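S.K.: Chains as they are written, first to last, in this note's numbering: chain A, 1 to 232; chain B, 1 to 298.
It is worth saying that the hints were derived from the structure and are not from the lab. Just so it is clear, the structure is predicted and the values come from calculations on it, not from any experiment. Check the hints yourself; a few may be wrong.
To be verified - Reference excerpt, derived from the structure (chain B facing chain A, CB under 8 Å, subset only):
1) Arg181
2) Asp187
3) Ala189
4) Ala213
Positions of the beta carbon are idealized from the N, C-alpha and C atoms, including for glycine.
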Amino acid sequence: MLRADGVTVAYDRHRVLDRVTISVPPGEVTGLAGPSGCGKSSLARVLALLLRPAAGTVSVDGEEVRRWRHRAAPALRTTIALIFQQPRLAVDPRFTLLDVVAEPLRVARRPLDRAERLAEEMGLTPDLLTRRPHEVSDGQLQRACVARALTLRPRYVICDEMTTMLDASTQALLVARLEEYRRESGAGVLAISHDTELLDRWCGPGSTVHRFGPAEPGPGQADATGGTWTRT
Amino acid sequence: MTTGTRTRPATRARDRRRDRRRDRRRRDRSRRLAAVTLAVLGLAVLLVPLVARLDQSQVDLASASLPPGLAHPFGTDDLGRDVLLRVVYGLRVSLLVGLVAAAVSATVGTLVGLAAGTLGGAADRILMRVVDGFNSVPHLLFGIFIVALFSPGATAVVVSVGLTHWMTAARIVRSEVLTLRSRPFVDAAISGGSGRARIVLRHFLPHLAPHVALAAVLMVPHAVWHETALSFLGLGLPPHLASLGNMINDGARSLLAGDWWPSLFPGLFILLPTLAISTLAQGWRDRTDPRRRSELQL
């Protein structure tokens with residue numbers, strides 16, 4: 001279980017998240033909906049251990065997180081994969097696509113053939129893998145990012161508006177690939193989107209969808225007036 | 001009307017392509033010119049001392065202060081030494097001192113900037129106050145102080161220039177690191193298990209290299225001028241060693257007598273290699289920055 005408890009995030013004096021509690025159980029898809037500016041991405045970064053909350057705790061499989069970003073243990077960091085909204089910003093522009101996918105394996109000193117296999121499953125040809133980010137489309141880049149997210153077999157995958165910039169067929173491909181991974185590995189998936197229709201399709205019966213409060217609240221008035229419901 | 005609307009966009013596109021090709025040719029031409037200039041100067045600096053029959057320090061009062069002519073293309077100075085030969089020797093000394101000093105200051109600046117930008121917080125504040133402190137002292141005064149700690153010579157000049165000019169590079173590197181640090185791909189690397197050292201080496205340094213290289217190249221003329229100033233004060237290179245700085249200062253004497261050549265030619269040969277190096281550095285930056293490259297290829 002990946003769990004955030006009473007998490008508060010503030011940029012300067014603007015409170016983006018106010019005592020938010022959410023859990024991502026393994027093996028299931030958890031949805032998170034909400035308009036832009038309501039703090040979805042901040043929550044995603046907190047859950048990926050990339051942003052230290054001003055208050056509240058995060059625990060991974062019952063163990064409370066005490067260190068954040070590069071100070072967190074690499075083994076802990078890599079159990080949670082984050083897929084970003086804009087693939088173009090989420091890859092080093094100097095890397096080839098193969099280097100992008102293989103980087104976590106290089107860091108972990110594992111054989112690189114898994115990167116090629118994952119990339120192939122995402123429909124990336126060997127020719128595409130030798131190219132650099134500016135030479136491929138957003139969709140191809142996001143496929144590489146999904147492959148990268150799965151290289152170290154994370155137990156939790158956070159998809160932060162993963163398909164917002166992409167066309168319907170790529171969207172379907174990415175969601176299908178993540179669902180396949182979830183079923184075979186029992187990983188927990190947190191699907192974040194402003195698109196409630198997508199969440200409806202992605203989150204099957206029985207899964208929880210959280211909804212965040214009003215769009216871009218003014219200073220001091222951000223509180224999650226949205227609700228949580230369970231799909232039946 | 002119909003033909004007009006149909007041909008005009010095509011013509012415009014063709015014009016654009018032609019303009020782009022012309023721009024690229026122009027860029028290529030100036031780069032080729034810079035490369036050739038630098039190659040010629042480099043060869044001269046390396047080979048002339050090996051094959052020259054004249055001694056650059058040979059005093060010949062009989063042929064003192066000769067204007068440029070067939071026997072002495074750049075003329076002779078007030079002691080009858082061949083200015084062309086001395087320019088070649090001077091270029092050798094000044095370029096070497098300038099390049100080493102620029103490399104030293106760029107290295108120091110990069111290390112300080114990287115440390116400040118990567119560590120952040122208190123370390124960043126302290127390091128940047130140190131930079132401010134160094135900047136608040138007049139460079140020349142501080143340089144003289146450093147030279148005074150050593151015995152005069154090339155090493156003292158290199159250390160002096162290196163320790164007074166690293167701040168620009170540190171500032172550039174720090175601000176670049178600060179923008180890089182907040183980019184999502186760094187988040188992605190951290191999330192993928194990369195540690196700080198790997199992020200600095202694999203993600204930061206390749207992005208910084210062109211900026212640092214450019215700063216280092218732009219440092220070369222500063223270094224040469226610094227060397228000149230120190231030499232003028234008798235704290236730089238010993239007077240018998242022909243450096244461009246020593247020559248210009250010697251030439252200033254002749255200038256009062258109306259002889260322009262002993263100071264003009266060394267001055268020109270400061271300008272020439274500097275321009276050539278910075279043109280090539282820009283070309284290198286264009287090639288290494290992948291986004292720029294794709295724009296150039298359009």
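S.K.: Indicate, hint by hint, whether the structure satisfies it.
M.R.: Going down the list of hints, with the structure as the test:
Because the closest C-beta pair between Arg181 of chain B and chain A is about 10 Å apart, greater than 8 Å, the hint is violated. Given the 8 Å rule on beta carbons, the hint for Asp187 of chain B holds: about 5 Å separates it from the nearest Cβ of chain A. This hint holds: Ala189 of chain B has a C-beta 7 Å from the nearest C-beta of chain A, less than the 8 Å allowed. This hint is violated: Ala213 of chain B has a C-beta 15 Å from the nearest C-beta of chain A, more than the 8 Å allowed.
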